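Colleague: So you can see what is in the structure, the chains are spelled out below.
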Amino acid sequence: MIHKVISEENVKTAPSAIVAQDVDFSYDGGKTLSLKNISLEVPPKKVTAFIGPSGCGKSTFLRCFNRMNDMIDGAGVTRGSIHVLDEEIHHPSINVIDLRKKVGMVFQKSNPFPRSISDNVAYGLRLNGITQKSELQDRVEHSLRGAALWDEVKDRLHESAFSLSGGQQQRLCIARTIAVEPRVILMDEPCSALDPVATAKVENLISELAKEYTIVIVTHNMQQATRVSDFTAYFYLGELLEHGSTKKIFSNPDLKQTEDYISGRFG
Amino acid sequence: MQEQTPHILSEFDEALQLIKTRVINMASDCRMHLSMALEGLVENRLDLCNEVIAEDDNVDQQELDIDAITMEILTRFNPVASDLRFVISSMNISRSLERIGDHAVNIAKRTRKMIKNGATRDSSHLNELFDLAAEEINEAMLAYSDLDSERARRIKESDQKLDALYKKKFKQLSAFIEGDSEEKNQYIQLLFIARSLERIGDLAVNIGEDIVFIQSAEDIRHQG
Ligand SMILES: Nc1ncnc2c1ncn2[C@@H]1O[C@H](COP(=O)(O)OP(=O)(O)OP(=O)(O)O)[C@@H](O)[C@H]1O
Ligand SMILES: [Mg+2]
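Keeping their order, the protein sequence lines are chains E and R.
For the first sequence, position 90 (counting from the first letter as 1) is numbered 90 according to our numbering, and the numbering increases by one without interruption.
Start counting at 1 in the second sequence, then tack on 1000, and there's your number in our numbering.
Read the hints as simulated data drawn from the structure, not as lab findings.
These figures come from a predicted structure and were not determined experimentally.
Hints are supplied without guarantee of correctness; some may be wrong.
What the hints assert, rightly or not - Straight-line alpha carbon distances no greater than 30 Å define the calculated DSS-like cross-link-like pairs of lysine-lysine that follow:
no. : chain 1 : residue 1 : chain 2 : residue 2
1   : R       : K1184     : R       : K1113
2   : R       : K1020     : E       : K256
3   : E       : K201      : E       : K248
4   : R       : K1109     : R       : K1184
5   : E       : K45       : E       : K102
6   : R       : K1156     : R       : K1168
7   : R       : K1169     : R       : K1109
8   : R       : K1020     : E       : K248
9   : R       : K1156     : E       : K256
10  : R       : K1116     : R       : K1171
11  : E       : K247      : E       : K201
12  : R       : K1020     : E       : K247
13  : E       : K248      : R       : K1156
14  : R       : K1184     : R       : K1171
15  : E       : K102      : E       : K36
Please put together the full structure from these sequences, using the hints given.
Modeller: Right, here's the structure in full:
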C-alpha cells in the first residue's frame, strides 16, 4: 500500500516528487534485506523527515533516491520501483550524473573541497560547462545568497573554505548543492555536528529552500523534525512503520511504536 | 499512562508521576473543602467555614506548584504526543480545581454570613444538589487517576441531572424570595450556594473533557 500523503492545507496536490513502491534493498546481493517493502510518496516543495532508531535504514533509503548506494559492491534495490520526477531511476536510459544533478545531497559532516569559498560553489557549475567568468560569479553569488551565507562571506570569497566555521561550511555545502539547480535536496543529519545557533541558521535555510525545492531530511533530533518538516516517516528495522503529516505524527500517531519512539520510551 | 512503556529517562517518568500525585492531592483537598462547607451550613459550624476560607491560600499555592512542575517538564523533557497532552491537561485540571476551591470558599462565606445573622435554615433544599456535585468531582478524580476516558465522558451525562435539578431548585428558592419575609436573605444566600454547586458540576465536566483529551487526543469541548 502506498502511504499517500495529502497535505492538510493543500488538498489539490501536485504530483509527488518521489514515488517509491514496494522497495526492497540489500547490501549483500539479496541475502539479507536492509529495506523491506517500502512504499512512500514525497510531495514536492515540502520537507519530509525520516526518523527512526540507528540502523533502521534511513540513510540507505535516502541514498536510493540518487543512486548513491550504487558505489557499494553488491548493494542495490532488489524489488520495487523508485520514480523521481516521474522517471524510474533504475531504467537503463537514466544517466546517473544527470540524476545526481537533479537530486543533490548534503551530508552530516560538511565536506568542502580544499579550495576557495567561491571555487567550492563554482566547481559543480564548471563541471556543467559553465565557464564564462561573469556568469560563474553571478551564480556563485546567487547560490550563496540562497544558502543565507552571502553576507557573511562576500568580502572573503577567495579565502579557503576551511577558514569558515562548521555551520558556515555546512551552508557552503548547501550553496554548492543548489548551484546546479537541483529539484530535490537530500540531507542526512545536516545539523548533527553544529551548535544550536548554526543549527538554527541551517533550519531557517531549510524552510526557505522548501519554497523552491523538495527536501528530504534524515534527523535524530525530534524537535528538529517538528520544526522543519511538513511530513514525517518513521522507520524501524528496515520497514516504514508510519508516515503522515508531522503534526499528526508528533501529536497523535496511529502506532504505539511510533509514539514510544518519539516520546523517548523503551521500544 | 499506566500501561505505557517507561521512558528511557526515568526522571521523566518520575516528573510525570509527580504532577499526577500533586493534581490528585489538590483534588482531594478541594473535595474535602466542599464537604466542610456543606457541613458548616447544615450544622451551623462557623469553625468549619473559617477553616475552608483559611485553607484557600493553600489550594492556590498547589496550583502554582503544579504550574512550576509543568514548566520544568516542558523545558527539560520536551514532551510530545500523549505525554504532552497529559502535562497540559493536568495543568488545565488544576485550573478547574482551583475554581472549585473558590466555590467552596464562596459557599463557606455565605454560610458564615447566614450563621452570623441567626442560624441557617432550610439547607435541606441543597442536599441533593450537593450530592450530585460531589459525586461528579469523585468521578473526575477516579477518571484522572486511572486515565479512564469512558468514566470521564460519563461526567457530562451526570451533569445534566445536576443542571435540571438546579433549575428546579432555582424556581423553588426564588419563590421564597418574592415575598418580603424575614427569611428572604437566607434564601438569597441559598440561591447563590445552589449556583456555586451548579458551577462546580460544570468544572467537573471540564475536567472530564481534559481526561478524554489525554487519552484520545479528541477535543470534546463545545460538542452538544
Ligand atoms: N555500506 C554498508 N554495507 C553493508 N551494510 C550496511 C552499509 N551501510 C549500512 N548498512 C546496514 O544497513 C542497515 C541500515 O543502515 P543505515 O545506515 O541506512 O541506517 P540509519 O537509519 O541511517 O542509521 P543511523 O541513524 O545510525 O545513521 C544497518 O543494519 C547497517 O548496518
Ligand atoms: Mg544514517
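Colleague: Given the hinted pair K1184 (chain R) and K1113 (chain R), is their Cα-Cα distance within 30 Å?
Modeller: Cα-Cα ~13 Å, so holds.
Colleague: Verify the proposed pairing of K45 (chain E) with K102 (chain E), using a straight-line Cα cut of 30 Å.
Modeller: The hint holds at about 14 Å.
Colleague: Below or equal to 30 Å on CA atoms is what counts here, so check K1156 (chain R) against K1168 (chain R).
Modeller: 19 Å, holds
Colleague: Is K247 (chain E) within 30 Å of K201 (chain E), Cα to Cα?
Modeller: 22 Å, holds
Colleague: Holds or violated: K1109 (chain R) and K1184 (chain R), Cα atoms, limit 30 Å.
Modeller: 18 Å, holds
Colleague: Hint check: K1020 (chain R) vs K248 (chain E), CA-CA at most 30 Å. Holds or violated?
Modeller: Judged against 30 Å, a Cα distance of about 26 Å means the pair holds.
Colleague: Keeping to a limit of 30 Å between CA atoms, is the pair of K1116 (chain R) and K1171 (chain R) held or broken?
Modeller: 26 Å, holds
Colleague: Keeping to a limit of 30 Å between CA atoms, is the pair of K201 (chain E) and K248 (chain E) held or broken?
Modeller: 26 Å, holds
Colleague: Within 30 Å, alpha carbon to alpha carbon, are K1184 (chain R) and K1171 (chain R)?
Modeller: 14 Å, holds
Colleague: Can the restraint linking K1020 (chain R) and K256 (chain E) be considered satisfied, given a maximum Cα separation of 30 Å?
Modeller: 22 Å, holds
Colleague: Would the hint linking K1020 (chain R) and K247 (chain E) be met if the CA-CA limit is 30 Å?
Modeller: Status holds; Cα separation ~26 Å.
Colleague: Need the status of pair K1156 (chain R), K256 (chain E): alpha-carbon distance at most 30 Å?
Modeller: Holds, at about 29 Å.
The earlier numbered hints are all upheld by this structure, with none contradicted.
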